[in-house]
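Number of protein chains: 2
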Amino acid sequence: MKKNVKIEFKCVLKDVLEILGGKWAIPIIYVLFDGTKRFKELERNIPNINTRMLVKELKKLEAANIISRKAYPTVPPTVEYSLTVKGKKLQPIILSLYKWGEENVDL
Amino acid sequence: MKKNVKIEFKCVLKDVLEILGGKWAIPIIYVLFDGTKRFKELERNIPNINTRMLVKELKKLEAANIISRKAYPTVPPTVEYSLTVKGKKLQPIILSLYKWGEENVDL
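Residue numbers (the UniProt record's numbering), protein chains in the order written: chain A, 1 to 107; chain B, 1 to 107.
There's no promise every hint is true.
Since copy identity is lost for identical chains, a pair holds within one copy or between any two.
Said to hold, decoys possible - DSS-like mimics (lysine-lysine), calculated; alpha carbons at most 25 Å apart, straight line:
hint : residue 1 : residue 2
1    : K86       : K14
2    : K86       : K23
3    : K14       : K70
4    : K14       : K37
5    : K40       : K14
6    : K59       : K99
7    : K99       : K40
8    : K40       : K56
9    : K86       : K99
10   : K70       : K99
11   : K56       : K14
12   : K37       : K70
Don't read these hints as lab results, they were simulated from the structure.
Assemble the whole structure, with the sequences as input and the hints as a guide.
Given below as structure tokens:
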């Protein structure tokens with residue numbers, strides 16, 4: 001791999017990891033593969049995550065345009081989260097990570 | 001996806017992320033795609049990593065059998081790191097992460 005291609009490769013990978021590398025990004029994305037979820041549904045489906053962490057991570061994923069957020073003027077207000085087209089493209093990658101884990105990680 | 005399959009999926013994914021999710025695991029693995037490297041070569045090729053972090057991460061990757069470590073009785077001693085078969089299987093996944101990043105992350 002030529003030098004400048006390597007540098008560019010590293011920058012892209014670094015940016016991807018900044019978005020996806022944390023402990024909670026991939027679990028949140030994974031839960032949304034099933035479709036749109038409300039905040040409480042997300043919180044229930046991700047073991048050990050607390051409200052503050054979930055709020056923070058959802059903001060990060062929304063800013064990276066991996067998820068979209070829709071608020072409804074109900075009382076109390078309802079907020080729903082879904083994967084964007086960009087987010088849905090991660091499904092095969094996360095499934096291949098899972099497959100690698102199944103074959104290579106001793107539970 | 002049935003309930004118990006979902007739970008198992010999450011456990012495997014959680015274990016994979018524990019190994020690969022940190023800031024430095026994938027960059028280290030990526031540098032080793034080029035072949036066996038010495039400690040100093042790894043340190044030089046991974047921007048912003050310090051010695052303590054590199055030592056810690058290499059131990060974690062070795063314990064997970066993703067990399068192998070070989071020490072030579074030279075003076076001073078020489079230590080080389082390489083990807084195991086398990087580690088090399090990550091290459092297509094990391095390349096697909098890179099491709100997703102190239103298409104979807106605004107640098």
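Hint by hint, here is what the structure shows:
For a Cα distance limit of 25 Å, the shortest separation of K86 from K14 qualifies both inside one copy, at 18 Å, and across copies, at 22 Å. Both within a single protomer and between protomers do K86 and K23 lie at most 25 Å apart by alpha-carbon distance, with minima of 20 Å and 22 Å respectively. In this assembly of identical chains, the alpha carbons of K14 and K70 never lie at most 25 Å apart, being 29 Å within a copy and 28 Å across copies at closest. For a Cα distance limit of 25 Å, the shortest separation of K14 from K37 across copies, 20 Å, qualifies, whereas the shortest one inside one copy, 29 Å, does not.
Proximity of K40 to K14 under the C-alpha cut-off of 25 Å is restricted to the inter-copy arrangement: shortest distance 21 Å between copies versus 31 Å within a copy. Proximity of K59 to K99 under the C-alpha cut-off of 25 Å is restricted to the inter-copy arrangement: shortest distance 24 Å between copies versus 28 Å within a copy. Proximity of K99 and K40 under a CA criterion of 25 Å is satisfied in neither setting, with 29 Å inside one chain copy and 33 Å between copies. In this homomeric assembly, K40 and K56 come within 25 Å of each other (Cα to Cα) only inside a single copy, at 15 Å, whereas the closest approach across copies is 36 Å.
Proximity of K86 and K99 under a CA criterion of 25 Å is satisfied in both settings, with 21 Å inside one chain copy and 12 Å between copies. With identical chains, the CA atoms of K70 and K99 are never at most 25 Å apart, being 32 Å at best within one copy and 29 Å at best between copies. In this assembly of identical chains, the alpha carbons of K56 and K14 lie at most 25 Å apart whether taken from the same copy (20 Å) or from different copies (19 Å). Taking the shortest Cα distances, K37 and K70 sit within 25 Å of each other inside one copy (10 Å), while across copies they are farther apart (48 Å).
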